Amino acid sequence: MSIESATMAIATARQQPVRERFWTFKRFTVPIIVVVVLAALLIWLSSIQLDSIEERTLNWTYITLRVGEHLSLTVVASALVALLAIPTGILLSRTRSRALRGTILGIANVGQATPAVGVVILLAIVWQTGYTTALVALVIYAFLPVLRNTMIGLQQVDANVRESARGMGMTPNQVLLRIELPLAQPVILAGLRTSLVFCVGVATIATFINAGGLGDMIVNGLKLQRFPVLIVGAVLVACIALLIDWIAGLAEDLLKPKGI
Amino acid sequence: MSESTDTAITAIARKTDGASIVLDHVTKVYAGQDAPAVEEFSMTVDPGELIMFVGPSGCGKTTTMKMVNRIIEPTSGSISIDGRDVLSLDPNELRRHIGYVIQQIGLFPHMTIAENIGVVPKLLGWTKQRTAERIDELLQTVQLDPGVFANRYPKQLSGGQQQRVGVARALAADPPVMLMDEPFGATDPITREKLQAEFLRLQASIGKSIIFVTHDFDEAIKLGDRIAVLSERSHIEQFDTPANILAEPANAYVSSFIGKGAALKRLALLPVADAGLGAASGAGPLTVDIGDSLRDALDALVLNGSPAIDVVSDGRVVGSLDMDRISQALGAELPSTRTGA
Amino acid sequence: MSEPAHDAPDPLNDEYGGISVTTFDLDGLLRFWSRRWDDILELVAQHLAVVALSLIIAMIVGIGIGLLVWNKPVPRSVTIAAAGVALTIPSLALLALITPIFGLGWTPTVISLVFYSLLPIVRNTVVGLREVSPAIMESARGMGMSPTRVLFTIQLPIAWPIILTGVRVAAQLTIGIAAIAAYVAGPGLGQLIFQGLSSLGSKNALNFALTGTVGVIILALVVDGLFVLITRYSTSRGLRV
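Residue numbers (my numbering), protein chains in the order written: chain A, 92 to 351; chain B, 9 to 349; chain C, 3 to 243.
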């Protein structure tokens, strides 16, 4: 998944034409759709009869609690991932050792092939259930795309650009900070965006290990055969995922260095 | 398609020795642009003629050529091949009977050389046997050993070889008309000379009606039966044989194309046999062969440092040439005033 | 806090800095496997089958859509955006949304997997078709091929390696998502993982979950390797790097 996003990120980053107006109508398509869907959901809910079980779940307190848990997991995990994976990626891209890079790539391949649900449940069995475990699982799972994108992003900086920077007398650290990182930034941000979306997804699974979140609604709805609960939970989580992806995309576009 | 289209195309296809091409007031205007790319272009190409379109980039020469096979559709005017209006025919059918060679060649990378050449015959429904024979024949004609090259892939060939396959591919269905857009442009000068020589040989034996676009005036002189010197909007500045253009350029624009050394270029077109030969002079060591051009003779003369030079044929000296005789061959009448080249 | 599970007296310290962890018992795992080998293999086969079925459907639909929209800018960007939306939605949510209509088991699993596979396949089809060089397109049209013929005899073969890469990415995606689908009674190795969850606290919980997870990893790597081979052998020799 992250090879795709990395490649697409590089491709999109290189082909974007200079936009004249940033805030066009098209930019708001996703939020508008989300608002419409949520409105439809509300209308539907108010039109049907809810039984006592459903009432316990489909009220503002319960929902806000779950959304809060879900968002907290997502945001904290992503922040941790950014703090951990980007510096690691920078360090790793600096090694000359082919063996090290090869091993990392090998691990990355295995990591990409690992199912998120497996990581979550294994961690719960080996350690404990609960919020912290879910957080750790999220960080582990989202680590690789960001690491990979950081490495790829730095690697694809044109060697000529690097060379002329050194030729001008910049120290390696200056080259890193002023040239390589800004140029690699679109790819790195694309990786962060992917990991954010992953986190929302895996946070949904966190319900299986008592970590809360909107997954609770989905699972309860399924177990108790109460479809309204199920649908509200699923739609909400989908909307959150879309909105977070949209915001991340916005940040990507806003922070893109001009001239690329 | 319709009955008449089929008949028209069959008739055109049969003229393997070349068909006439007539362009009548052909104009092309692109949407959103004021000036036409091609304006009122009219020309007749006789069967078997090799016509060169020469001009700077952007003058519209390629656009004009591409309207003949309707890769670009004309805005107005008419184009006919062998007297039949091209614009009323089915474009796909039409193109199967027009050879088309572009600068970047465009060989299909996923097909072998044989498959590439066989594309149009296959489209026309030729039998496998006939196609295979034709492929062998064509590869030999462009001097590529069929045994070696037929089953290779384009990426295994050098640029010059790919170019030759491109020409062979265009000839596959033996079309009466060929359109060539800087076909030798992407090769190095040495390969290009070889390709040009081969092409001349080919055209001498098969005689198709060809429109050949180039920005290289020397190539135009070397290859063309007639040259159309084009300026903006594909305006024809002069349309005549190479010798006539060199001898009497119509205006300063054409002169600028010729550049300096027009006389020498004209001499390159004239064989030694065109000049009257004098008695053997015995000046040596250099001689010139009767099959060489007068420019070769002049070249040898200068190198020899003697007033005359011997002409040999089959190893025997048959006469000699000097400056006077060479000048006379040029027609002697140099225009008294000429604006700078 | 859950109790650490012991199979046998364990010399290994099971307290790491105050955090209690379950220890890993290799003997137990091997015994577990030898007893359940048949079941495990059957689940592997199921997992492969559901992924293969979904990929085939996704290829037919996805490549078909790609062939229809590749040269039409508006439908193209709408389609790719729509397929991208599908990929953003968490898999559990999508699976759950489908169950009220389609029930449990194979059907919702296949439908979700197809959904998720569409983006990589459609996007790669479109990109692959568009990347055929203009010179090749022009010489093909110039020779008298109709646009449809050019699409099928020139563009598609040349774009094939790129399309196949999209299918490969989709395969990786769906092998992972199929594991979650076990929650709605979907087939495959995910069932082992969820059994590990439901038997949390018992001695075999770890074995179940580990087998399921490792099984999925190995399956994904093997399938990926297979794809490398398939791509190589189905690509024209003239195109191979």
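A couple of the hints might just be wrong.
Claimed, not checked - If you want the ones that stay clear, here's a sample from chain B, every Cβ over 10 Å from chain C, calculated:
1) V37
2) T52
3) G85
4) L95
5) Q111
6) M119
7) V127
8) P162
9) S289
As the list claims (entries may be wrong) - Below, simulated DSSO-like cross-link-like pairs (lysine-lysine); rule was C-alpha separation at most 27 Å, straight line:
10) B:K163 to B:K202
11) A:K349 to A:K117
12) A:K314 to C:K205
13) A:K117 to C:K205
14) B:K23 to B:K163
15) B:K273 to B:K230
No lab work stands behind these hints: they were computed from the structure. Remember, predicted model here, so these are calculated numbers, not experimental data. Where a beta carbon is used, it is the ideal one built from N, C-alpha and C, also for glycine.
We went through each hint and held it up to the structure:
Listed as a non-interface residue, V37 (chain B) keeps its Cβ farther than 10 Å from every Cβ of chain C; the least gap is roughly 21 Å. With a cut of 10 Å on Cβ distances, T52 (chain B) stays outside the contact zone with chain C, its closest approach being about 23 Å. The Cβ of G85 (chain B) sits about 21 Å from the closest Cβ of chain C, beyond the 10 Å cut-off, so the non-interface label holds. No beta-carbon of chain C is positioned within 10 Å of the beta-carbon of L95 (chain B); the least distance is around 16 Å.
Chain C draws Q111 (chain B) into its interface by the beta-carbon criterion, the shortest separation being 8 Å against a cut-off of 10 Å. At roughly 7 Å from the closest C-beta of chain C, the C-beta of M119 (chain B) falls inside 10 Å, breaking its exclusion from the interface. The Cβ of V127 (chain B) does not lie farther than 10 Å from every Cβ of chain C; its closest approach is about 6 Å, which violates its non-interface assignment. Not every C-beta of chain C lies more than 10 Å from that of P162 (chain B), the closest at about 6 Å, which undercuts listing it as non-interface.
The non-interface label for S289 (chain B) is consistent with chain C: the shortest C-beta to C-beta separation is roughly 55 Å, beyond 10 Å. The straight-line distance between the Cα atoms of K163 (chain B) and K202 (chain B) is roughly 21 Å, inside the 27 Å bound, and the hint therefore holds. In summary, the hint linking K349 (chain A) to K117 (chain A) is supported, as the alpha carbons are separated by about 21 Å, within the 27 Å threshold. Taking the CA atoms of K314 (chain A) and K205 (chain C), the gap is near 26 Å; set against the 27 Å cutoff, the hint holds.
Between K117 (chain A) and K205 (chain C) the CA atoms are separated by roughly 55 Å; this puts the pair beyond 27 Å, and the hint is violated. With a CA separation close to 34 Å, the supplied pair K23 (chain B) and K163 (chain B) exceeds the 27 Å bound. At most 27 Å may separate the alpha-carbon atoms for a hinted pair to count; K273 (chain B) and K230 (chain B) meet this at roughly 9 Å.
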